[in-house]
Amino acid sequence: MSSIAAHLPALQVVLPLISAPLAVLLRHGGFAFVIVTAGAWAAFAAAIGLWLQTGETGTISYHIGSWAPPWGIEYRVDRLASFVLLLVSGTAAIVLPYSRASIEREIPRDLHYLYYAMFSLCLAGLLGITITGDAFNIFVFMEISSLSAYVLIALGRDRRALAASFRYLIMGTIGATFIVIGIGFLYLMTGTLNLVDMAERLRGVESSRPVLAALAFITVGVSLKLALFPLHQWLPNAYTYAPSAVTAFLAATATKVSVYVLIRFWFSVFGETLVFEKLPLPQILLLLSLAAMFAASFTAIFQDNLKRLFAYSSVGQIGYITLGMSFDSVNGLDAAILHLFNHGITKAAIFLLIGGMVIGLAKPGAVLPEPTFDRLAGLARRMPLTCFGIVIAGLSLIGVPGTAGFVSKWYLILAAMEKGQFWIVGAILLSSLLAVVYVWRFVEVAYFKPAPEGASKQEAPLSMLIPAWILVIATIWFGLDTSFTVGTATEAALQLVKVGR
Amino acid sequence: MSSGGVLEHFTYIVTVFLMVAGLYVIIARGNLIKKLVGLSVFQTSVYLLYIAPGKLLGGTAPILAPQYTVYSNPLPHVLILTAIVVGVATLALGLAIAVRIKETYGTIEEDEIMAADNAVQAGEDARRS
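Chains Y and A are the protein sequences, given in the same order.
The first sequence maps to residues 1 to 501 in this note's numbering.
The second sequence maps to residues 1001 to 1129 in this note's numbering.
Please note that the accuracy of each hint is not assured.
Said to hold, decoys possible - Each computed EDC-like pair below joins lysine to aspartate or glutamate, with the alpha-carbon atoms no more than 20 angstroms apart:
hint : chain 1 : residue 1 : chain 2 : residue 2
1    : Y       : 363       : Y       : 459
2    : A       : 1102      : Y       : 158
3    : Y       : 419       : Y       : 277
4    : Y       : 457       : Y       : 374
5    : A       : 1034      : A       : 1109
6    : Y       : 363       : A       : 1124
Honestly, the hints are just simulated from the structure, not real lab data.
Using the sequences provided together with the hints, build the complete structure.
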């Protein structure tokens, strides 16, 4: 047993990675479902194990093939990495059982095994980005996860999914190539790809032009991937037209892992002195975050398609995460990491519920309708559980006390007050009001408009409701009992901020 | 810049030219295939960025033998081998999606695709009002 525990970092990535080719070889939707779900649950178990280990013994350094770093590839799990691993594998473990019923209506049956294969590849890629301590590995895993994400989005039944996937492919590849250019400069300057080693060797050449260029390329490249306003154009259509399960999974993980990469490069590699004192990066990030919080949330209000509304809301919520990063303080980073997690589970819950709603709205055998507001009139009477779940998760998006969203916004406000910037506190509260407006739009239509004649009570299938409600309950749970989330995020923030100085 | 400077930085000049040209094609062309061509050129420029500095004039492969003292770094080549695989996969996937777009939209011009989407959206709005 102890030998397995020692190899958890490798198993974390290898298990979902192996389940992908197995799913393709089996060529059967049912078997593929079983093996990929088993892989995801095993990855979740590994993530829990790693979280416990990092709590006991601190940062884990795993040498792939027993080659010592910096020559060999190192997997490195610190508190932040274990937290993100939990989010990613946990979301996958919940979304996969959901997708069985969901894709039944959305994807032709002979393509199901490919869906599962792509899903587990995407999962393996995202876990790999998080766990690796090697700069070039980050790029390779990022491309594994991105390429499979493009395929997953293109599986959407609307033809607009294809156009959205193509646009994401173009923008995502530009972002990834920017990241490789940045890593290339760093490699030229330091001669190493190991992140820890790189951070040490950069200390001598911090202000040289290639290092600054590397920082610029990596920041812009990752910002494309994490959909930082105004580089978010790929996101709304991709989220709107992808299959429901895919939207939920990507919304909770893909952009969040990119945020993780940015935190990793800024705080662990370049160091805070370079990022926050020598360049006006925090000011730029602050302005873009505020722009995201207001412009994207404002755009969300005017969307007719519920999925697209919450996609724009995602862009706005990413603004809160990057806002926390721009403060360069333990509390700020704490808030960013917390919101990364809390927003992840909240948004996953919402998109899972919308997926169930779409199936409940459809007539048997007919094409699935888009969840536009005119179809949602009086929906609360037809699907009480679905609508109530969306309302609770919506409260978490707004940041109402008792939900997960409140906790992260509270720490964000603390960080802003600590800096003495009270106008930012005002901005956070004002932009939350925009969230009130778009959530209220849904409440008004679903609860206060009369249902159309002859509409029967038609709740979403249980196999879809249960995973979604697990996440809804999680948003309340992490709003009331914050010992796990705040504890881990604070430890992670302390680790990171100490490293840089 | 003196002519010696140009020669000295020749690989970088080629790299940057390809990089900017590729990026320009992606942004300026509406044809999906041309966009993919631009993307490929853009990615290829990065291969050069890695490979060129790895070459040392007069350097050999890293072989432990008394008569060789100057080695070229082999690691960038290995990295770029991986990057080439990624580039090929991206291009293949992009072309596959372009084929599917041609099948469903009947065009691979970005503005025509957007016009078709807008027409669908206008139909939706008309149904609603």
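Going through the hints against the structure:
1. Y:363 - Y:459: Given that 20 angstroms is the threshold and the Cα spacing comes to 13 angstroms, the pair holds.
2. A:1102 - Y:158: 14 angstroms, holds
3. Y:419 - Y:277: 15 angstroms, holds
4. Y:457 - Y:374: 17 angstroms, holds
5. A:1034 - A:1109: Holds - the C-alpha atoms of residue 1109 of chain A and residue 1034 of chain A are around 10 angstroms apart, at most 20 angstroms.
6. Y:363 - A:1124: Roughly 19 angstroms separates the two Cα atoms, so the pair holds.
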